[in-house]
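**Q** Given only the sequences and the hints, what does the whole structure look like? Please build it.
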Amino acid sequence: MTVANVDNCALFAARPLTDVGTPTEEWLDALADVPQLDVGGCDEIIVVAAHPDDETLGFGASMVALAERGVRVQVVAASDGGASRQGIGLLERLHLERARRAELHEAISVLGVPAPICLGMPDGELSDHEERLADLLTEILAARTNRTWIAATWRGDGHPDHQAVGRAAATAAHGCDAVLLEYPIWMWHWATPGDVALPWNRVRAMPVTPHAFDRKTAAVRCYRTQVEPDGADAPLLPSFVLRRLLAVREVVF
7 MTVANVDNCA LFAARPLTDV GTPTEEWLDA LADVPQLDVG GCDEIIVVAA HPDDETLGFG
67 ASMVALAERG VRVQVVAASD GGASRQGIGL LERLHLERAR RAELHEAISV LGVPAPICLG
127 MPDGELSDHE ERLADLLTEI LAARTNRTWI AATWRGDGHP DHQAVGRAAA TAAHGCDAVL
187 LEYPIWMWHW ATPGDVALPW NRVRAMPVTP HAFDRKTAAV RCYRTQVEPD GADAPLLPSF
247 VLRRLLAVRE VVF
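Residue numbering for the sequence shown follows the numbering used here, beginning at 7 and increasing consecutively.
Don't read these hints as lab results, they were simulated from the structure.
Nothing false has been slipped in among the hints.
Each pair of labels, with its calculated beta carbon distance range:
(1) Thr223 x Pro29: 12 to 22 Å
(2) Glu131 x Arg104: 14 to 24 Å
(3) Leu100 x Gly46: 40 to 50 Å
(4) Ala148 x Pro29: 36 to 46 Å
Computed from a predicted model, the values in this text were never measured in an experiment.
Note that CB positions come from ideal geometry on N, CA and C, so glycine has one too.
**A** Shown next, in the form of structure tokens:
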């Protein structure tokens, strides 16, 4: 839905995960009157994630609700998420990538949508492969009907990979004249309601149900490498981040 590329990485960097971020209650108040998106023109949707878990954290309940309406849902994971743990060796990274792919398949099954497409691009380097990603997404879209939409991480989300995926999806959507939806993930942490960095005038809430959110919560638990401690190391997704992502409404720009 958005048309402009923005870079909010500096804003995210200024508010790292050592900071608990914007309280959930502030977002809930701000989202109370957000208009709902009309999805009546959507027969199929391609949901693009930078890493396994993005699709569930940012758009999981929406996928459940859309599938239950009869919309075909296809998840595309750009990377396998092997860079989520720093300082590990090559063999450990390969094991992590394998684990995250397996978690993705498990989570997608819980959400009730078909098996994902995994592109295997290098985690942390998606900006360097943005043109190739845009070409692949264009191929996927071009093979569908003109009532196929595409959803991707927001171009202004503050994470370089998320922003690269959003830009690639925007390029593909423009080339195929498809509807583009952009879902935020890290925005909920570093931004605040009314922040000038947000295209708040274009925000729309996805039409989801409590049942869809329950399925999302169950799917998130599949990502054990991200939400559970690894020995003495804390979970990669802090509990306050997870609670916020499971509490706010799913919205798109």
